[in-house]
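Chemist: Chain order of the listed sequences is A and B.
Position 190 of the first sequence, counted from 1, bears residue number 190 in the numbering used here, the numbering being contiguous throughout.
Numbers in the numbering used here are just positions in the second sequence, counted from 1, shifted up by 1000.
There is no bait here: all hints are sound.
Ranges between beta-carbon positions, derived for each pair: (1) A:34 with B:1025: 47 to 55 Å; (2) A:71 with B:1125: 49 to 57 Å; (3) B:1125 with A:67: 48 to 56 Å.
Which chain A residues face chain B? A few, computed with CB under 7 Å, are given here: (4) 73; (5) 139; (6) 286; (7) 298; (8) 299.
Simulated pairs of lysine to any residue, SDA-like, Cα-Cα distance not exceeding 25 Å: (9) A:164 with B:1187; (10) A:164 with B:1005; (11) A:164 with B:1008; (12) A:142 with B:1019; (13) B:1060 with B:1128; (14) B:1131 with B:1066.
Source of the hints: derived by calculation from the structure; they are not laboratory data.
Bear in mind the structure is a predicted one, so any value in this text is a computation, not a measurement.
Cβ atoms here follow ideal geometry from the backbone N, Cα and C, with glycine treated the same way.
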Amino acid sequence: MSTFSPPSPLLTVSAPPHAHCGRTTRGLMAETLFALAPAAIMAVLVFGLPALRVMALSCAVAVICETLCARAMAGTPAVDDLNALVIGLLFAFLLPASAPWWLVAAGSATSVVLGKMVFGGLGGSPLCAPLVGWAVCKLSWKGAMDYDLSMLSSSLTSPLAQLKHLGPQAVAGISLQDLLLGQQLGGLGAVQVAALLAGGAYLLIRGRLRPHIPLAFLAGTFLTALIYFYLDPAACAPPLFHLLAGGAVLGAFFLAPDCSSSPVGHVPMIVFGLLAGCLVVVIRVYGVYPDGVPFAILLAELLTPLVDRIRPRPLGVG
Amino acid sequence: MEYFLLIIAAIFVNNIVLAQYLGNCPFLGCSRATGTAVGMGGAVIFVVTLATAITWLVQKRLLEPMGLEYLQTIAFILVIAALVQFVEMFLKKVLPPLYRALGIFLPLITTNCAVLGIAIICQRKEYGLLKSVVFAAASAAGFMLALVLMAAIRERLDTARVPRALRGMPIGLILAGLMSLAFFAFSGMIA
Chain A
1 MSTFSPPSPL LTVSAPPHAH CGRTTRGLMA ETLFALAPAA IMAVLVFGLP ALRVMALSCA
61 VAVICETLCA RAMAGTPAVD DLNALVIGLL FAFLLPASAP WWLVAAGSAT SVVLGKMVFG
121 GLGGSPLCAP LVGWAVCKLS WKGAMDYDLS MLSSSLTSPL AQLKHLGPQA VAGISLQDLL
181 LGQQLGGLGA VQVAALLAGG AYLLIRGRLR PHIPLAFLAG TFLTALIYFY LDPAACAPPL
241 FHLLAGGAVL GAFFLAPDCS SSPVGHVPMI VFGLLAGCLV VVIRVYGVYP DGVPFAILLA
301 ELLTPLVDRI RPRPLGVG
Chain B
1001 MEYFLLIIAA IFVNNIVLAQ YLGNCPFLGC SRATGTAVGM GGAVIFVVTL ATAITWLVQK
1061 RLLEPMGLEY LQTIAFILVI AALVQFVEMF LKKVLPPLYR ALGIFLPLIT TNCAVLGIAI
1121 ICQRKEYGLL KSVVFAAASA AGFMLALVLM AAIRERLDTA RVPRALRGMP IGLILAGLMS
1181 LAFFAFSGMI A
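Take the sequences, apply the hints, and build the full model.
Modeler: Right under this line is the structure:
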């Protein structure tokens, strides 16, 4: 017979701290959505209603999947923390605006279920959820995920695909201003660079995003591209082009700093950002995929637990 | 430069676990703790390098001159099994804690298809002795890399609220699949 009686619910006291600063997951997600809004609006302005269709469908599927999973998994917290909306929107940002409905639905469902819910929901996932969905779609439906092939009617082109297939001379004429304003083919939200920079700056100023990972990511991309450019200016695109083309800015401010899958220490965050940024250019230069950003972040996230072992030595030990 | 590319290709592009799907048994079974994973990885590097060198000699000096190539598989398994026994006795004597931590998985290296796989890949690709040994060591290092990454992530997952139905092996398999997805980044980098 047990000598201990179960604790009485009346005497249960929650763990400290008892005073709350008011910051919640829901609040953080709401601010992230607010920071993503300019890019979403720009996407609709540049790509028209198809972009809105993709974003709406992706968000709806993400929320429905999360609700169904939470129902099936007893003990999972409620789904009103808006995280599913953020995942759905970020996944939509990586798709071409012409993505068929089944691609959007399958990818969004994969992001939420395989990227987040199987690991127990918010905070458990070792990989950034939207990127899991992107990787599955990219490898399963290459044609539908290819920005140039799926957007034949558009007059824009994908600068990274041109760099990959035609060489740096083909992209020498592209002005940085066009890249900033989203006049390029790519993920429908990922290419709205100016809007994403504004959103990222908003999160940084509001203190909702620590600057280590975004800045280290951009620095890693820039420095690696600079090294390649310095070694052979004729064979490589200039570093600023690598920063502004494709999804580097989206990756730096919104994908790489994913709460559950990025490191927490100061030094680990910087190492993680530099590594991911460096891998972006390495994959763009050597890999078969035009844009290395999603894969680079996934690879860096595999290293997160190891990088996180870099810790300050505890006082009085060793 | 040729060897540098060979090593990079063996570790990342054609990672023995995440791109060729060999050696999944210890990859899933021995990735609960980072310490064990490092030990297992070290043991595999040692066994694979030695086994590839010896099987190369067996193939070129024994089987081919006598026209017994059809005995390749069985001869290689025999060599590998004997080697593993040797490593096991060695570890039991020199590093008992590691020996206990590896437990059943050390004898299982015998049937680790990565060991046999690497030895046979070297023969298929007609590598010379030095190239075979370098390739084998790099492939085994790739195995160790995958194993250590997996173990570190799984240690972290111990604190996550993984649904009961998926705890343990199922989530390990899902994770292995996702890691393999990430390693597709390297595909096609080096032919």
